[in-house]
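Here's the letter readout for the chains.
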Amino acid sequence: GRHGDRPEHTAPPELFYDGEESRKYTSSSRVIDIQRRLTERALELLALPDDDEPKLLLDLGCGSGLSGEAITEAGHVWTGFDISPHMLEVAQEKEVEGDLCHHDLGHGMCLRPGVFDGAISISAVQWLCNADRSSHNPRRRLKRFFDSLYRCLARGARAVLQIYPETPEQAELITTTAMRSGFAGGLVVDYPNSTRAKKYFL
Amino acid sequence: MKLLTHNMLSSNMPGVKERYPLGLVVGKIELQENEFDPAFVLHMLSKLNYPVLRKAASICQFNDLPEQPPANPTVENDGQFLQAVFHAI
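Protein chains in written order, with my numbering: chain A, 113 to 314; chain B, 5 to 93.
With the rest of the complex left out, here is chain A:
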């Protein structure tokens, strides 16, 4: 899309998703539907064992809980992390099942090693590519994020991150950083021939 269309160009996520924007985002039925379908697809790619046992999952950039609700419906337990206090407030008001943590993913995951059964992220990780403050170094933030995410996942556990990369270079940077942190796998592109419908899952 055009340069001005991306929220990542407007402001850092904790400022872009202010009170009004958070509510607008969360009450749009189009957005609700898209986020739900992206979450269901991410859960499918997570390929959790089909054994009636709830798994412990991370929802990274959980926002107002749209993705978390889909995780709950799939029968799992989740802990959500997001940088926007307003989005988290909306999630709290909706009384989502997951525990919510106000946290900047660029600081790394502050979790014990090897405890989570999986992680998903819907439309969030590309925000780490921004240098919103002069002290931010996107490469370092991405590395911290992926290193710590890798550590807190149980052996064999997967992470599925749906992203909106601005450029192929950005997709490459995110993917390469993940690989360097120990993740195997790659980028899944749904609907590759449609500019509008195309979706990237790392």
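Treat the hints with caution; some may be incorrect.
As the list claims (entries may be wrong) - Straight-line C-alpha distance at most 30 Å; calculated DSS-like pairs for lysine-lysine:
| id | chain 1 | residue 1 | chain 2 | residue 2 |
| --- | --- | --- | --- | --- |
| 1 | B | Lys-59 | A | Lys-255 |
| 2 | A | Lys-255 | B | Lys-32 |
| 3 | B | Lys-21 | B | Lys-32 |
| 4 | B | Lys-51 | A | Lys-206 |
| 5 | A | Lys-206 | B | Lys-32 |
| 6 | B | Lys-6 | A | Lys-136 |
| 7 | A | Lys-206 | B | Lys-6 |
| 8 | B | Lys-6 | B | Lys-59 |
| 9 | B | Lys-21 | A | Lys-255 |
| 10 | B | Lys-51 | B | Lys-21 |
It is worth saying that the hints were derived from the structure and are not from the lab.
Since the structure of chain A is provided, determine the placement of chain B on it from the hints.
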């Protein structure tokens, strides 16, 4: 925040000597009614730091967790224990 989450949180701040567990200061205690799921509890037990859970639960005035968990808890034999863990997390 559920005690399950507290059990998983560690500090990655530079210069912090004791990264785990995070200190727990209780503001408000809220009890939630949830459907008991023994499979879930057994799965979580494999991840939980039990002494940390027990200490955190007692800070929240829940003292029903035994000092030592049973060695290989099962749904058949340790229902009461699993219920207590479920309540705590």
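Going down the list of hints, with the structure as the test:
Restraint check for Lys-59(B) and Lys-255(A): the C-alpha separation of about 34 Å exceeds 30 Å, so the hint is violated. Of the pairs offered as hints, the one joining Lys-255(A) and Lys-32(B) is violated, with about 36 Å between alpha carbons and a cut-off of 30 Å exceeded. A distance of roughly 28 Å separates the Cα atoms of Lys-21(B) and Lys-32(B); the hinted pair therefore holds under the 30 Å criterion. Under the criterion of a C-alpha separation no larger than 30 Å, the hint pairing Lys-51(B) with Lys-206(A) is consistent with the structure, at around 28 Å.
Taking the CA atoms of Lys-206(A) and Lys-32(B), the gap is about 19 Å. The hint holds against a cut of 30 Å. Of the pairs offered as hints, the one joining Lys-6(B) and Lys-136(A) holds, with about 29 Å between alpha carbons and a cut-off of 30 Å not exceeded. Among the hinted pairs, Lys-206(A) with Lys-6(B) is consistent with the structure: their alpha-carbon atoms are about 17 Å apart, no more than 30 Å. As the CA atoms of Lys-6(B) and Lys-59(B) are separated by approximately 14 Å, the hinted pair is consistent with the 30 Å bound.
Taken as a hint, the Lys-21(B) and Lys-255(A) pair is honoured in the structure, with Cα atoms around 23 Å apart against an allowance of 30 Å. A distance of roughly 23 Å separates the Cα atoms of Lys-51(B) and Lys-21(B); the hinted pair therefore holds under the 30 Å criterion.
Hint violations for this structure: numbers 1, 2, all remaining hints satisfied.
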